[in-house]
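Protein chains: 4
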Amino acid sequence: MTTPTRIGLIGYGYWGPNLARNFHALANAQLVAVADADPKRLDEPARLYHARTHADYRELLADPTLDAVAISTPARTHFDIAREALNQGKHVLVEKPLAMSSAEARALIEIAAEKQRVLMVGHTFEHNPAVWKIRELVESRTIGEVFYVYSNRVNLGRVQRDINALWSIAPHDISILIYVLDAMPLAVSARGGTYLSDNVEDVVFVTLTFPNQVLAHVHASWLDPSKTRQMTIVGSQKMIVYDDVDAEAKLRIYDKGAYKHGAEYGEFQIKVRSGDIFIPKLDSSEPLRNECAHFVECIREGKRPRTDGENGLRVIRVLEAAQESLARNGATVRIV
Amino acid sequence: MTTPTRIGLIGYGYWGPNLARNFHALANAQLVAVADADPKRLDEPARLYHARTHADYRELLADPTLDAVAISTPARTHFDIAREALNQGKHVLVEKPLAMSSAEARALIEIAAEKQRVLMVGHTFEHNPAVWKIRELVESRTIGEVFYVYSNRVNLGRVQRDINALWSIAPHDISILIYVLDAMPLAVSARGGTYLSDNVEDVVFVTLTFPNQVLAHVHASWLDPSKTRQMTIVGSQKMIVYDDVDAEAKLRIYDKGAYKHGAEYGEFQIKVRSGDIFIPKLDSSEPLRNECAHFVECIREGKRPRTDGENGLRVIRVLEAAQESLARNGATVRIV
Amino acid sequence: MTTPTRIGLIGYGYWGPNLARNFHALANAQLVAVADADPKRLDEPARLYHARTHADYRELLADPTLDAVAISTPARTHFDIAREALNQGKHVLVEKPLAMSSAEARALIEIAAEKQRVLMVGHTFEHNPAVWKIRELVESRTIGEVFYVYSNRVNLGRVQRDINALWSIAPHDISILIYVLDAMPLAVSARGGTYLSDNVEDVVFVTLTFPNQVLAHVHASWLDPSKTRQMTIVGSQKMIVYDDVDAEAKLRIYDKGAYKHGAEYGEFQIKVRSGDIFIPKLDSSEPLRNECAHFVECIREGKRPRTDGENGLRVIRVLEAAQESLARNGATVRIV
Amino acid sequence: MTTPTRIGLIGYGYWGPNLARNFHALANAQLVAVADADPKRLDEPARLYHARTHADYRELLADPTLDAVAISTPARTHFDIAREALNQGKHVLVEKPLAMSSAEARALIEIAAEKQRVLMVGHTFEHNPAVWKIRELVESRTIGEVFYVYSNRVNLGRVQRDINALWSIAPHDISILIYVLDAMPLAVSARGGTYLSDNVEDVVFVTLTFPNQVLAHVHASWLDPSKTRQMTIVGSQKMIVYDDVDAEAKLRIYDKGAYKHGAEYGEFQIKVRSGDIFIPKLDSSEPLRNECAHFVECIREGKRPRTDGENGLRVIRVLEAAQESLARNGATVRIV
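Protein chains in written order, with our numbering: chain A, 1 to 336; chain B, 1 to 336; chain C, 1 to 336; chain D, 1 to 336.
Quick caveat, the hints were computed from the structure, so don't treat them as lab data.
No experiment lies behind these values; they were computed from the predicted model shown.
Possibly wrong hints are sitting among the right ones.
Copies of the same chain are indistinguishable here, so a pair counts whether it falls within one copy or spans any two.
Calculated lysine to aspartate or glutamate pairs in the DMTMM-like style (CA-CA distance at most 20 angstroms, straight line) [unchecked claim]:
#, residue 1, residue 2
1, Lys271, Asp162
2, Lys271, Asp38
3, Lys227, Asp244
4, Lys133, Asp276
5, Lys238, Glu136
6, Lys227, Asp283
7, Lys260, Asp198
8, Lys40, Glu145
9, Lys238, Asp276
Bound conformation, chain A alone (with noise of 0.2 angstroms):
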């Protein structure tokens, strides 16, 4: 096909202007309407991309010549926009996180093979050349065995009342480390802190297990001074530091670390070794259009997306686990 694919976006809120804008960048896609349940914001994609807007996303999948919808809605609405939306037969794209259940999660994914449709989830980082550049140091094992890592997103930011720091935040750092790890967590624990609203934690720390005791943790919070989305990869050879938020040197290859030196039977130390300090020049395309274009071209090529339904539903399993071992004060909780 040649024409445009034609996008709807249902939710303008803090994340659906990113979506309009990269969709409306895109030489191959249109984005044709706009649906937010707040109609003030809705002059501003009026205005900006000329899409037809609606209160009522219902309107908007009613229209057949939309091929596509980008749901950015509160994750509480995540599930019955998307099954309406595959039911209608629109390819969809969901901002994280896929759904609230692991249950829900399925039920989608289902419809979308019966509906033969395109079912994405909006797991930006996996679309991210820096994160591509560290799955394949851990593959290739440039970095040695890995031992750990450990993962900090924080901000005082968007500060949310109906899902906790754990399915806001961390479905980012979950996701990065299944794609980075090539392996689902065997066992999580979380603890977290709540102080804003009830019930609703701002703060989480998150300890995961993977196969071969590698040990992961996360630290989200929106409760936080500084912005911070730091991830460090400990290996045995190598280290890797990614911090997302520096412009010059995203990521940081040291080449370091700690190795036994002595006789082979009785006494030995532990040796320290510290070298050069590596910079790659990664590809700087924004990861939020890799996102939508790989959307895009998966409807018009037929292809499964890289953050298909499985790869959110895996997320999924993780974040409830984590929240059952919340609720059970960061008892060590079994992903089945």
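Take the given structure of chain A and dock chains B, C and D to it, following the hints.
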């Protein structure tokens, strides 16, 4: 007394040279003798400080003219050496941790009381002007109510084989937390990763619950590419970032917060407030110099040290509970 | 008038897309047409903004419904295009430098006056809240007496062949200096290095003398490994560092100084004073958005722009003198 | 000889304590005596190093058992004291600048030759592994052809009254430039600002022309809010940033450049190339320790120091020309 306080130093490995340099620099003290089991290490203190040297610390302790000893030997030897020193009538400064169990710590406290000698533990950060300032900001409620605190103390540095990262590194964080919050934690959970030596955690993640729902988190590791010593204190009115390796801005006080906005009955929103940042000028004294000077001052004036045996015991009680949690795979352990 | 101001944009190369995006985003303006001699560049504005496109800017100017044009073509064409646009009765925003000589700039000012049209130059930094704040701190003498100012504006970026780094980059520094110090420099000297193209300086070092012995220094280069946009203002009471690429701390106000200490007659010493650092919260509006909005507001309300033709002329008078100094190997040239 | 080299130190003000500490730490040297006109300063070296002390340096020089002296007195006294010391048969290390004129420097060189004594100047940075690495990268043409170099050495620190920022701070930059480029500058121009004391420039901006059109610029100031010690070397193939206050990344080597692209005849374009960044692991030895060890080694092995009298003279010839330029308002002065 007007003659200098005569000091002996036991242990001249990693930390001992720093103690030697600082005691040597004090006008009212004299570094008289140094002991280390490794004779190769004794050339330096002999040359730099004209100190008498001993391969056997018992010889050093036998010198009746010594007023006090500082102990910076491997942690597992702290108790025995400190006990002997006290029994010989010496005032004692022990590097952290004070001992390897609360029973040992209590025994040392008792002997010191009986012998009427100063017993002090090297919790350096309680002698640090930046930490004093944080306590002042917390105590005066300048930052409002404390919500949570987290600390990262990581480096590729002094990998140990006899004690894990919890006992080696985290005593600093725990002593700062107790001091700054002016409270003991109620419970602790800890998880760790073991990579270099069997049964020795190279990295630990520790969660502590303090009274008033204050949550604290400590990440300690000697297997990390970058030296980080950072603690963040999030309050309801202001937030503090304490970065010990930033020469210009050790303390940043952010006039930032989040608060409920809206009708008393019914719907409310969380609003975020972001204001100025303030970097206070701090006393530039070296914390370890302060610590050494304080030890000497307590000896000379019969004062109780700020970081006395009880202080050391409190930290050990937390370490013991955290160690138990490590052994029980992160289970929450109450601190008795 | 309640209909949007109709804007045409001439030049869609390096900077034009930023102007297009910002005019498009304004509620009271409409980006109607875009012209560029390179037709390949016109697809994007057609798609993103539904703008009419022209390979010949004269066609764009011929549209009687256009109220105003923004000109972001190569600097050597600014004068001709701006003159034609004014003669066609359009309000005109010209990217810096306004023209290539003070004679040209004066001619544009005259035509604009005669035609009663707004003439504005794109000195973006005078629409920047950080620069407003600096002016306020200088004007109120909060920093005491200004001693000297220096500025580094370097990058590996937009290497040009038709104008040198002085005319391409330094207009920003010069416009900030005149605005912040509220004075014209008395004299200038400049030296440069020519590496990539014959007779085009890739780097310049410019020294400016302002009234009251205030010295200013500007280093501008497009041949540098790191993006730096930093200006330091040293006063007798306080010092300011303005780092435009620091997201968290654009402005640091240091309570630092040096002062004479000692007997009125005879010996004195210079003492150094070092106090707190203060990072004020700044209005987070985008400077280019402010600039575009200001242009439209001046058109709609018949106001004189902050960066009017006279403002553009002042900067060109300094550039001319600096260019003469470059040609005379750094000789001091008085600004007439 | 197997006995330690016996060292006397003259001047225990700002820099002397660093020399004392480093000589004291050397195994093959002994700090025997310290002289300072201010007797209050002599307590510390007596206590720390058991050094004999003298209020009159002539007494120190009279000691026939001293092999060598290090001179860290005010710059204007360097010549007289160094001359006396050489005449007394001592080997001499003089802090920079070696003297206050090239005539004085030449006289010292002559006396040293006649007396067959080592004469060395304290250009610390030529004993710095980072600077060695830069020279290696320049010499091997790894960075291609050198285009230009600029250096910022500023701080709010040691404000002086007897010599200006040119003579106090810039000797470091000039010595590094001559060493790294392996060439003398051909001409210099300098401008400065005088704020705190009459006729003493607190800040200078110096432009140097080296052979092959290499341009260098030095900004030196003791009136600046932040400590900066940064030098950037721009080559045709790579660029280096040397940041002496960055503990982790002293040297960053950017694989960046700009080059001509296009037809041999007719039009060409300048393209920009941006690649990886490489941070080499450097020898972590302390430069001043290297300097002191090198001085002792030259004495003991009869070697000519890397920073010998001729080296000191070269820097002074540049300083003299720069001083003349300052006096002539920035006129270009050829270096003879």
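Between the shortest in-copy and the shortest cross-copy C-alpha distance, which are at most 20 angstroms for Lys271 and Asp38: within, between, both, or neither? Between copies only: 18 angstroms across, 61 angstroms inside.
Evaluate Lys271 and Asp162 at a C-alpha cut-off of 20 angstroms and name the case that applies: within, between, both or neither. Answer is between; shortest inter-copy Cα gap is 15 angstroms, intra-copy 49 angstroms.
How would you classify Lys260 and Asp198 at a CA-CA limit of 20 angstroms: within, between, both, or neither? between (50 angstroms within a copy, 12 angstroms between copies)
Given identical chains, is Lys40 near Glu145, meaning Cα to Cα at most 20 angstroms, within a copy, between copies, both, or neither? Neither. Shortest intra-copy (53 angstroms) and inter-copy (36 angstroms) distances fail the 20 angstroms Cα cut-off.
Alpha-carbon proximity context of Lys238 and Asp276, limit 20 angstroms: For Lys238 and Asp276, both the intra-copy (10 angstroms) and inter-copy (17 angstroms) Cα distances are at most 20 angstroms.
Classify it for me, Lys238 with Glu136: is the Cα-Cα distance of at most 20 angstroms met within a copy, between copies, both or neither? within (13 angstroms within a copy, 26 angstroms between copies)
Identical-chain pair category, Lys227 with Asp283, by Cα at 20 angstroms: between (23 angstroms within a copy, 18 angstroms between copies)
How would you classify Lys133 and Asp276 at a CA-CA limit of 20 angstroms: within, between, both, or neither? both (18 angstroms within a copy, 13 angstroms between copies)
For Lys227 vs Asp244, is the C-alpha pair at or below 20 angstroms within one copy, between two copies, both, or neither? both (10 angstroms within a copy, 17 angstroms between copies)
Violation of the numbered hints given earlier is confined to hint 8; every other hint is satisfied by the structure.
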